[in-house]
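Asks: Listed below, chain by chain, are the residues.
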Amino acid sequence: MSVYAYDQIDRDMLADRAAEFRGQVTRRLAGDLSEDQFKPLRLMNGLYLQLHAYMLRVAIPYGALDGRQLRALAEISREFDKGYGHFTTRTNIQFHWIRLKDAPDILDRLAAVDLHAIQTSGNCIRNVTADPYAGATAEEVDDPRVWSEAIRQWSTFHPEFTYLPRKFKIAVTGSAKDRTAARSHDIGLKLTRNRDGQLGFEVMVGGGMGRTPYLGPTIREFLPARSLLSYLTAILRVYNRLGRRDNIYKARIKILVAATGAEDFGRQVEAEWAALDQAAIDLPDLELARIRTAFGVVPFEALPARSTAFEAARAADPAFARFARNNLAPHKRPGYAIVNISLKAPGETPGDATAEQMEAVAGLAERYGQDDIRVTHAQNLVLPHVKLDDLPVVFAELQRHGLATPNLDLVTDIIACPGLDYCALANARAIPIAQDIARRFETPDRAEAIGELKIKISGCINACGHHHVGHIGILGVDKKGEEFYQLSLGGSGAEDASLAAILGPALPADQVAPAVEALVDAYLGLRSDASERFLDTYRRLGPAPFKEAVYADADQA
Amino acid sequence: MTLQALTANRLLDGEVVFWSGDAWVEQFADARLYDAEAPAEAALASAKGLATVLIDPYLIAVTDDGAAPVSFRERIRALGPSDHLDLGKQAQGGAAIAAIQHAHGAARSTGRLSLIRRKP
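Chains A and B are the protein sequences, given in the same order.
This note's numbering numbers the first residue of the first sequence as 1 and each following residue consecutively.
This note's numbering numbers the first residue of the second sequence as 1 and each following residue consecutively.
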């Protein structure tokens, strides 16, 4: 057991939900429901109309899956879609070629493996983002999945918070190292301990991307962990009461917090919290313990820290050594590693996985990874618990399925939204830009020499590709019906969060990859040494040399 | 006036469709092109009544030679995603698809960086 175990109440709820949607689809097709009546109902079940077909967004609760669930997603992609799925920056999966008439059958298939599309759309509390290394990294203070599951149970169909002014996204990180972009969420929660050793959260509120990006300020340095749900209730109540409903562009909580000021907003939340019947909302310790137990216990073996098989393979195979350098992270237990599976093979679509690849990852998780799979907000997958001894065979299997790209957090590990290739909201394509850049840097030695460089591409101002927090952010814009791209530099979604600043005028599509190359070349000439990341060099020197690198030719024209 | 075509998504499966004058068809090449406002608006009004067949019918601008939609977005709808050339309408291939793929709009890139000028 690796994911939270559903009980009969959970399963009945999902079955009821799927049956209800089947009835709604039948009524829509018969003309008993108009599109205006039906649209909010289908959106509440994750079904959007995109450019070429319907798109179904399936929730992957806090990015955690087991092999059985990933196999079911593979089967759905093969049977109802076109044999692939797209993992998103909110750790969900989207199928882009869905037929309305098939959607109820798909919800049944999902429900059979405890999956659904609830909280993937609408102005509700969306699927929670959590650290993909949860339960595996020694850095963590506590397992964020336990708290994310508590939030899921509290927020699902919450009558008071189903029609908020706008959508609402929460991230939970278990360690100081932030792999969730916590400050870019409506609420970011960082597990921490106070001086007395008591478990709690740092509470950040009012972050967000979109057309008006903000990093969420901290409104409470330490909230006792057991008070989480009542404090979230207080925040949501203040937002529900004061958040703007008259202007969709000003309806997110980030606008309210910025307008009110973090201190004043925090005071209002504290006042609301003090007036609440907290005991009626917060989970009793017994229930928290039950949730924790429902994730099961990983049967780790007592292993030596050093694996002969791993070391031998690393010495014999340079490709394996490179993969180990770039895609492995330390595990809390000796003899284990966290394996990052990049879905960014140069030339491929970022975040896409074929049915065969999903089945391969499911098989590896079942055989070598405690049946545990995570999805990251960078659109990659993680096997959080793999024995060092098993890594050579896991690597070989990943290679066989085109999943062994050794580029985690490197220049080719690019985040890109579906963009205008699929999305009805987009102004420009994001995928071909990512492919162009990745091909240009596909030589692994070159990518490694450049070091950590996070490029994030959005096809419109909604910023699903997180361009505001890219070391290099790229935003697609529409100029007279054609695609142009605005470059921004200096953003970060990690613990050193910052917002990127626009570098200069937008570029035509075919000039984006050359411009990125110019930026990288400038960085390589400017960095103090190989340990100074692109982001650090930018922060040290500012935009001037980078602006010069991209736009110098323009001045000479 | 600018040439126009009538498009929508099909309710049952979301497929992009065009009005041929007789039927809703899947290829832009089979779309009826309107060179006058009144018949185009009349076709649109009629399409809006087909609530159990279509979602969101609307008129799109078409290039003067009638070969392709003007806007990039509409060309993608008429083709399919550019990361999967084997999927969508473009998979059919042929001269009509090639014409859309090679169409350019008002602001096409020349491929020269010197197009971009920095503000003083």
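None of these hints come from the bench; they were simulated from the model.
There may be inaccurate statements among the hints.
Simulated DEER-style distance windows between Cβ atoms [what the hints assert, rightly or not]: (1) B:Tyr58 x A:Ala321: 49 to 57 Å; (2) B:Asp22 x A:Asp445: 33 to 41 Å; (3) A:Lys39 x B:Gln101: 31 to 39 Å; (4) B:Asp86 x A:Asp105: 55 to 63 Å; (5) A:Pro40 x B:Asp65: 58 to 66 Å.
Listed below are the simulated DSSO-like cross-link pairs for lysine-lysine, each with C-alpha atoms no more than 27 Å apart in a straight line [claimed, not checked]: (6) A:Lys39 x A:Lys177; (7) A:Lys547 x A:Lys250; (8) B:Lys89 x A:Lys479; (9) B:Lys48 x A:Lys547; (10) A:Lys82 x A:Lys39; (11) A:Lys101 x A:Lys177; (12) A:Lys332 x A:Lys177; (13) A:Lys167 x A:Lys250; (14) A:Lys101 x A:Lys82; (15) A:Lys250 x A:Lys332; (16) A:Lys167 x A:Lys39; (17) B:Lys48 x B:Lys89; (18) A:Lys39 x A:Lys101; (19) A:Lys250 x B:Lys48; (20) A:Lys101 x B:Lys89; (21) A:Lys101 x B:Lys48; (22) A:Lys82 x B:Lys89; (23) A:Lys177 x B:Lys48.
In this text, a Cβ means the ideal position worked out from N, Cα and C, and glycines have one as well.
Asks: Taking the CB of Pro40 of chain A and the CB of Asp65 of chain B, does the distance hold inside 58 to 66 Å?
Replies: At 42 Å between Cβs, range violated.
Asks: Checking one constraint from the list: CA of Lys250 of chain A to CA of Lys48 of chain B, max 27 Å. Satisfied?
Replies: Not OK: Lys250 of chain A and Lys48 of chain B at ~32 Å, beyond 27 Å, violated.
Asks: Taking only the CA atoms, is the gap from Lys167 of chain A to Lys39 of chain A under or equal to 27 Å?
Replies: 16 Å, holds
Asks: Per the hint of 55 to 63 Å, is the separation of the Cβ atoms of Asp86 of chain B and Asp105 of chain A within bounds?
Replies: 25 Å, violated
Asks: Does the alpha-carbon distance linking Lys39 of chain A and Lys177 of chain A stay inside the 27 Å limit?
Replies: It is violated: about 40 Å lies between the C-alpha atoms, which goes past 27 Å.
Asks: For the pair supplied as a hint, Lys48 of chain B and Lys547 of chain A, is the alpha-carbon distance within the 27 Å limit?
Replies: 50 Å, violated
Asks: Between Tyr58 of chain B and Ala321 of chain A, does the beta-carbon spacing fit 49 to 57 Å?
Replies: 56 Å, holds
Asks: So does Asp22 of chain B sit 33 to 41 Å from Asp445 of chain A, Cβ to Cβ?
Replies: 60 Å, violated
Asks: Do the alpha carbons of Lys101 of chain A and Lys48 of chain B lie within 27 Å of each other, as the hint requires?
Replies: 21 Å, holds
Asks: Tell me if the straight-line CA distance from Lys250 of chain A to Lys332 of chain A falls inside 27 Å.
Replies: 43 Å, violated
Asks: Against the 27 Å threshold, does the CA-CA distance of Lys167 of chain A and Lys250 of chain A hold or violate the hint?
Replies: Given pair Lys167 of chain A, Lys250 of chain A holds - Cα atoms ~12 Å apart, limit 27 Å.
Asks: Range first: 31 to 39 Å. Now tell me if the beta carbons of Lys39 of chain A and Gln101 of chain B are that far apart.
Replies: 32 Å, holds
Taken one by one, the earlier hints fail for this structure at numbers 2, 4, 5, 6, 7, 9, 11, 15, 19, 23, listed in ascending order.
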